[in-house]
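Asks: Please arrange chain B on chain A, whose structure you already have, making use of the hints.
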Amino acid sequence: MVQEFEGRTEQDAIDAAVEALGLEAHEFEVEIVSTRSGGLFGRNKAVRIAVHYAGTEDSRETEKKSDAPRQRAAGSTRATGEALHPETDFEHAVVDFVTTVTEKMGFPSKVSISFREPQKLGIRLESEHTNILIGRKGKNLDALQLLANVLSGRFVDSEIKVILDTEGYRGRREEQLIQLAHKVGDQVKRTRGSKLLEPMNPFERRLIHTTLNDIADIGTESEGEGLYKQVRIFYRGSK
Amino acid sequence: MERDLVEYIAKALVDEPDAVVVNQIEGEKSTILELKVNPDDIGKVIGKHGRIAKSIRTLLSAASTGTGKRVVLEILD
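So the sequences go chain by chain: A and B. Here the first sequence is numbered in full-length UniProt numbering, starting from 1 and rising by one per residue. Here the second sequence is numbered in full-length UniProt numbering, starting from 1 and rising by one per residue.
Here chain A stands alone, though its shape is the one from the complex:
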């Protein structure tokens, strides 16, 4: 779930969010949407934040509803929210593996198949412990996904990529990154400088590149070594 709040300072906005949603500080993530510094002595100062949090049962329902048209527009089978059951040996193996690993980690989860595409298999986790299963910036979910993919690679004729998701985290993260790309892109355009983003995995970097690909004056480039490179967004000047 994402909801926006406003306050004179970032802290004010967060306080407003905590009060309105009744959440503890560790139960949500805050993203700053905009800051207005306006006015003498910052009198009209305002900070707008977006609060990301795991919805409760009923709020998740409404979220699903509002998400549905957009996903259908994308022509993806992911829109169907129902859980599918594993059919092939390969699907059973992946579902069993993820189920057992989460159980042995001490965070037992209900694991089901969320979508099937020619080269992709979507796996959904439902658990009381989604926060820790996701981890900081999706670290734990990515680690488990990587292992599930290694396992999938052991099935000789399967060139299928396994995608793990829980409580719509991947979609949320995607939106967050697109927003970030636009925000930093605008900044760079204004200052005519460049900015280095935090380290990201290949999928996330690609999302930044493609988001800013069509925007004039702005270029993107990956820097660094290894799996987690950093994207630099820079001003290119008009051509």
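Source of the hints: derived by calculation from the structure; they are not laboratory data. These figures come from a predicted structure and were not determined experimentally. Hints may contain errors.
Within a straight-line C-alpha distance of at most 25 Å, the following computed DSS-like cross-link-like pairs (lysine-lysine) qualify [said to hold, decoys possible]:
1. B:54 x A:229
2. A:183 x A:139
3. A:104 x A:139
4. B:44 x B:54
5. B:11 x B:44
6. A:229 x B:48
7. B:36 x A:137
8. B:36 x A:104
9. A:120 x B:69
10. B:54 x A:120
11. B:36 x B:48
One-sided excerpt, in silico: chain B residues whose CB lies under 7 Å from chain A [unchecked claim]:
12. 4
13. 52
14. 58
Each residue gets a CB set at the ideal place from its N, CA and C atoms; glycine is no exception.
Replies: Just chain B, lined up with the frame of chain A:
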């Protein structure tokens, strides 16, 4: 518990699951897990640039949050 986790993952990834052995060494502030696999399988638990080993370590540290004890995974060759 963490020992089981490592053993299960390793067995799922190697060609010789019977050769997988995990030793647990309890220290005061940390637990050391020594993973031993068939020499031909060692690449399967380490991966390119240590990606698989890194993922196993990530899941281990997630599993051990709250226990107050660090878990260290060592892969023996």
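Asks: Does each hint hold? Answer for all of them.
Replies: Hint by hint, here is what the structure shows:
1. Only pairs whose Cα atoms come within 25 Å are accepted, and residue 54 of chain B paired with residue 229 of chain A is accepted, the gap being roughly 16 Å.
2. For the suggested pair residue 183 of chain A and residue 139 of chain A, the alpha carbons sit about 24 Å apart, so the restraint of at most 25 Å is met.
3. Proximity of residue 104 of chain A to residue 139 of chain A is assessed by CA-CA distance (about 18 Å); at most 25 Å being required, the pair is judged to hold.
4. At most 25 Å may separate the alpha-carbon atoms for a hinted pair to count; residue 44 of chain B and residue 54 of chain B meet this at roughly 12 Å.
5. Among the hinted pairs, residue 11 of chain B with residue 44 of chain B is consistent with the structure: their alpha-carbon atoms are about 10 Å apart, no more than 25 Å.
6. The suggested pairing of residue 229 of chain A with residue 48 of chain B holds, with an alpha-carbon distance near 16 Å, which does not exceed 25 Å.
7. Taking the CA atoms of residue 36 of chain B and residue 137 of chain A, the gap is near 31 Å; set against the 25 Å cutoff, the hint is violated.
8. Restraint check: the Cα-Cα separation between residue 36 of chain B and residue 104 of chain A comes to about 19 Å, which is no more than 25 Å; the hinted pair holds.
9. With a CA separation close to 37 Å, the supplied pair residue 120 of chain A and residue 69 of chain B exceeds the 25 Å bound.
10. Simply put, residue 54 of chain B and residue 120 of chain A have alpha-carbon atoms about 24 Å apart, close enough for the 25 Å limit, and the pair holds.
11. Proposed proximity of residue 36 of chain B and residue 48 of chain B is supported: the alpha carbons are some 18 Å apart, at most 25 Å.
12. Hint on residue 4 of chain B holds. Least Cβ distance to chain A is approximately 5 Å, under the 7 Å limit.
13. Annotation: residue 52 of chain B was flagged as interfacial toward chain A, and the flag holds, the nearest CB pair being 6 Å apart, inside 7 Å.
14. For the restraint placing residue 58 of chain B at the interface with chain A, the shortest Cβ-Cβ distance is roughly 4 Å, inside the 7 Å limit, so the hint holds.
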